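In case you want the letters, here they are:
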Amino acid sequence: MNKSLIIVIKQTYRSHFKTRGFWLLVLSPLIFAVILGAIGFGISQMQGNTTPKVAIIGNSQVRQIFKRDEKSLEIDVSKITDSKQANKSLASQDLDGILTIDNDNATLTTQPKSNSINKEAIVSVLGNLSRSQKAADYGLTAEQTQNLIKPFNLKSVVKQSNNESTNGDSSDMANYGIAVAIGIVTTMIVMWYASMIATEIANEKSSRIMETLLAATSASIQYFGKMIGIFALAVTHMAIYVVAGVIGYIVLQNNKLFSNVIQMFSGITLGFTLYAISFILVAVALYLILTAMIASLVNDNAQVQQAVQPITFLAMIGYMFSFIMTNMPNNLAIKVLSYVPFISQSMMPVRLVTKVETWPAAIISLLIAVVAMISLAWMGQSIYAKNVLSYSDDKIMSQLIKNIKNKN
Amino acid sequence: MIQLTNINKTFGNNIAVNSMNMTLEPGKVMGLIGQNGAGKTTTFRMILNFITPTSGKITWDNHPITQSDKQKIGFLPEERGLYQKLTIEEQILYFAELHGMSRSDAKTALTDWLKRLDVVGKATDKVQSLSKGNAQKIQMIASLIFNPEFIILDEPFSGLDPVNTSIMMNEIIRMRDNGAMIIFSSHDMNNVTKISDNLTMLKQGKIVLQGGVQEIREKFGRTKIYVEGPFSTSELSNIAGITNIKQQGAGFDITIANESVGHHIFDYVTRNGYIPAFSQQPPTLDDIFRQEVAYHE
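Line order of the protein sequences matches chains A and B.
Anchor point for the first sequence: position 95 equals 95 in this note's numbering, and the numbering is continuous, going up by one each time.
Anchor point for the second sequence: position 156 equals 156 in this note's numbering, and the numbering is continuous, going up by one each time.
Misleading hints may appear alongside valid ones.
[Unchecked claim] Below, simulated DSBU-like cross-link-like pairs (lysine-lysine); rule was C-alpha separation at most 35 Å, straight line: (1) B:Lys-57 / A:Lys-386; (2) B:Lys-28 / A:Lys-405; (3) A:Lys-3 / B:Lys-85; (4) A:Lys-3 / B:Lys-206; (5) B:Lys-194 / B:Lys-57; (6) A:Lys-386 / B:Lys-194; (7) A:Lys-10 / B:Lys-85; (8) B:Lys-194 / A:Lys-10; (9) A:Lys-3 / B:Lys-203; (10) A:Lys-3 / B:Lys-122; (11) A:Lys-386 / B:Lys-85; (12) A:Lys-386 / B:Lys-203; (13) B:Lys-203 / A:Lys-10; (14) B:Lys-194 / A:Lys-3; (15) B:Lys-206 / A:Lys-402; (16) B:Lys-203 / A:Lys-402; (17) B:Lys-107 / A:Lys-10.
Hints were generated in silico from the structure; no laboratory data involved.
These numbers were taken from a predicted model, which means no experiment stands behind them.
Make a model of the complete structure from these sequences and hints.
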């Protein structure tokens, strides 16, 4: 690699890496996550035992069954069996509820500060008991009774084109999670780093440092050096999160909530993970190239927001479509957008993991993005070289259009 | 040797540089003078390949200036710019590295430069904490620390006080003595006279004067006289051939139509013997500049 290019990359990387702003950007989401986790943990600790204590009155047989199934019913069956004493305990808030059973009827009495009681589970158990009792009265055998009260099993299965089947419920959850994750990651990186590269170029241009820089190196070296430097910074940023994630995994692997999240993503393969990461990186590079190109048209720092806004909107479009897509995967527009650079990164990986698209289609979409990235970088290089030392009063977008027209 | 051959540059209908020829030699300083918009900065930008000449040729030792040649060029732009958030050292090392100097060499050289240019502050100070004059010195160091073979300085003395101007001039002379080719622009003719070996004067993109500084001044004849003695303005005005007379402190600045008038004036002012001062000089660059501007308008 060209020596000057390496110097520009190193300088761009180093000058940002050492700033407080970069570390604030990196650490604020982590600090936010730690604070949220700590608050959640604190609340759960302060809550103490939340299992509701219920007294079962009226039918000792039912009481025994409830006592046996305490765990699945998520209740703690009280020793109290006397109605008067139970009411007294309920009034003094020692009990969360009294379940009074009277043949086919039951009454659940609670007080305003009771912990939540799973009524559906209680109704289900009582229903089964009632049906068993009636079946016995009709003279059915135990086996016939079991058959009668056995609930109907509805299983959700998604049939894939290759005849493989997956669990519908968990795959829906995972897909939604992936759509959200890829969308958020790409949009956030673009918003952070597009603004960073635009400010860098605008600063060099408005303060006329650019003239000193271009006296030593070519415009293309400055252009590619800055982009690669900022891209490396974005990759470092992500790598820090990966390391934080691994540490978090080690620390939280026995946590119930965390295990549920891990379970949700268990269907995702290494191949897909690499594909999604490649797509995110190509997309980030695409956005950085576009930003560097547009930023070369800026006269000063005051115009940076004006230049960056359309780019962040574009990133947001992909993010929005990723949500719409989960509901209508076969829509033609969605299908086409899955191949359109700048948007495809939010669409194609999700379509691939939901098996709406096959691997060849996914690879084609990634290749289109790579080709677009190379072409844009090439075009951007000459636009950057032409504008980085010129100052125009025209609007940024009209300058860009003029430049593209002149190029062709 | 840098050679500009028949250079033209137009922006739309506006001619910025018109048929310019110029030669810059190692160990020589070329002063480029002209009014604002005369084409000085455009000339520098063409040499640095920021813009392409409409026609003509710019060569360094008979070959077009390449990217690797550019590493040997020290450039101080007219509008100064530095990274405000970086320290002096970070800034200088970056520019030095871009020009092919190693970080360790640059670090060693920086200490000397800071001392020589009398920069107030440490290498670890951020540029944003420096005064305008010190920031300008840092910019000068960034342009020269790697011992460039060719130096382009666009208005190097603007905004500097006389002491700092003198420090900067000494550095330019030092670089020249080390064999560098130097071209600089300035509006201060005094400074141009002091450090230039050669001079090019531009008027609306066209060269109106070119040559050695003394040679150009002599070309205009020794038409400036300074005299001190017991005379009055009206008395001296009676001498034929005097075009302008102005009292200057204890003496008189006299402009004459041609060199020979000087003899009449000398004879007249010394007719009674000793006088404290009499000198006959060519016009100053400032006078020549004004005269040429007026002539070409």
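Check: Failing hints, ascending?
Finding: Checked against the structure, the hints that fail are numbers 2, 4, 6, 8, 9, 13 and 14, while the rest are satisfied.
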